[in-house]
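Participant: Residue strings, one per chain:
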Amino acid sequence: MKGAQKMTFRDFTSVVDYRTQEANSGPSRVDPSPLAGTWVNTNDSAPHRIAKLVMTVRDGVLMVHAWGYCTPDPCDWGEVPAEVYADGINSQTAMSFTATFDFGFMETQLQTNLKRGTMVIATTNRFSDLSGRSDYYTREFFYQLDDDSF
Amino acid sequence: METGKYIRAGDRTELANDGVDRKIDVTPFVGTWVNTMRDTQSFVKLIVSDRDGKLFVQAFAAASPELCDWGAVEAQVFADRVDSRKGAGFSAHYNTGLIDVAFQANMNLGLLVLLTFNRFKDGSSRANYINREFFHR
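Taken in order, these protein sequences are the chains called A and B. According to our numbering, the residues represented by the first sequence are 6 to 155, in order. According to our numbering, the residues represented by the second sequence are 55 to 191, in order.
I should point out that these hints are in silico values taken from the structure, not numbers from a laboratory. Keep in mind that a hint or two might mislead.
[To be verified] Computed Cβ-Cβ distance ranges for the label pairs, DEER-style:
| id | chain 1 | residue 1 | chain 2 | residue 2 | range |
| --- | --- | --- | --- | --- | --- |
| 1 | B | Gly151 | A | Arg144 | 30 to 38 Å |
| 2 | A | Arg121 | B | Asp154 | 25 to 33 Å |
| 3 | B | Met91 | A | Thr76 | 25 to 33 Å |
[Stated by the list, open to error] To be clear about the criterion: a stretch of chain A counts as covered by chain B if any three or more of its residues have a C-beta under 8 Å from a C-beta of chain B, and this derived list gives those stretches:
| id | stretch |
| --- | --- |
| 4 | 36 to 44 |
| 5 | 47 to 54 |
| 6 | 58 to 70 |
| 7 | 74 to 86 |
| 8 | 117 to 130 |
None of the values given here were measured: they were computed from a predicted structure. Even for Gly, the Cβ is constructed at its ideal location relative to N, Cα and C.
Only chain B is shown next, with the shape it has when bound in the complex (with noise of 0.2 Å):
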């Protein structure tokens, strides 16, 4: 690369190097967040957690009798520009052994837009697949 410290013109470092603290608002993702669909066979429930300013996901599928706990992880969050602090989105990664699953999430009006990235290493001949899914509170 021979551009620079950036790779974007809106990426420029002098367009934050103001000295403000930009420890990115995760408070917009916080709370229990229920998909859509009631019938979803898909993840049902996720609840979104400030651990001391870092945001943890717990994820639960559908399942029976009860919802599959996926555990919590620890999510990364993104502003919606450099010079913001803003949340606009956060990345979450589950590493069961048998299947790889990446979150992807963004806010829009009100919704949680969760795509899921999933990648099976099991040796099996599933299509990795992704999967789009709406989260109300």
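Bound-form chain A, shown alone (with noise of 0.2 Å):
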């Protein structure tokens, strides 16, 4: 009987998770066009900075391109899809994404949250080229751009 007790409290990690009455059927829908843009790294001097991000929404998913910081031109990650958070389950109103790079050679994860206006992206980057380097972690923050020039 324990265990079945945790099952259900399984079903939330906080109590703010209960299902309430408007919360209780269909689709979540979180609105990602808050996290659309162009977004650049606060600190240019970082060698694992990441440089910049363009985000747009497509058929209602966001997409991120993503481009590291390399010299002499800046190494462009391609584009992949996110998934995206809200800051309570009855919000409509995303501020995090989480993003997957997959390179072959390396697995970077970017998992984010808006905060006053930044960007905070830390990401997580795995190795798998057994070329010694450590997996490390990264904080970086972002400001959007009011365009997208760059």
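Using the hints, put the two standalone chains together into the complex.
Facilitator: The structure is reproduced here in structure tokens:
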């Protein structure tokens, strides 16, 4: 019986996750549009940085295009779909996303949150090429450009 | 990708091809961590342990009369650079069948900062959401 009770609790991680009347049925729909735009790293000296992100909404899905800092030109990571998150179960406004870039020799996952107009992006980077490089973590900050000039 | 074996300048292989053992030090994370908010309705406690060099996380959520034990899962540990073995953060993942919860944790000023990314899979209209909390030893 105790085990069954635990499974019930695992329907939520917090009391604020309880199913409410208004959040009881139908598809979840978080609007990704607040995240769309061009985001630029606030730190232009870190060698591990993501230089720029361009995020667009396509058929309701947030698409993330990223460039890593490289010289002489940025490294184009390509574009991947993202999962978006709200700040609560009854919210419809995205304030976070996760996205995964698989480069073959390494995988980079972006886990983000929007705070006071700043996009905080944590990356976890895992190598699979036996190069001796440590898997590593970064936390970076981005501001939004008014247009996509860069 | 035509960028070779790195996607950021700081990832270049030559930065870490010196033969040094880069097993990442997990000791900064090991211990019992308690939510700084005593009345939290989310995760109350985390037990982080080192089992033969692998990091495990056991999370306990608020519930009554006893905390809800989510069980222990293996975590992935990350350094702060490709040429470092200093533990900077870890990630872990719970999948209960009804909800996916991804943990992203890092250390800051002696606190463990935990972001959870919560995805419902039960067909309810609850929005996927994130939560950020702080834990002390």
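Participant: Among all the numbered hints in the text so far, which are the ones the structure does not match?
Facilitator: 3, 4 and 6
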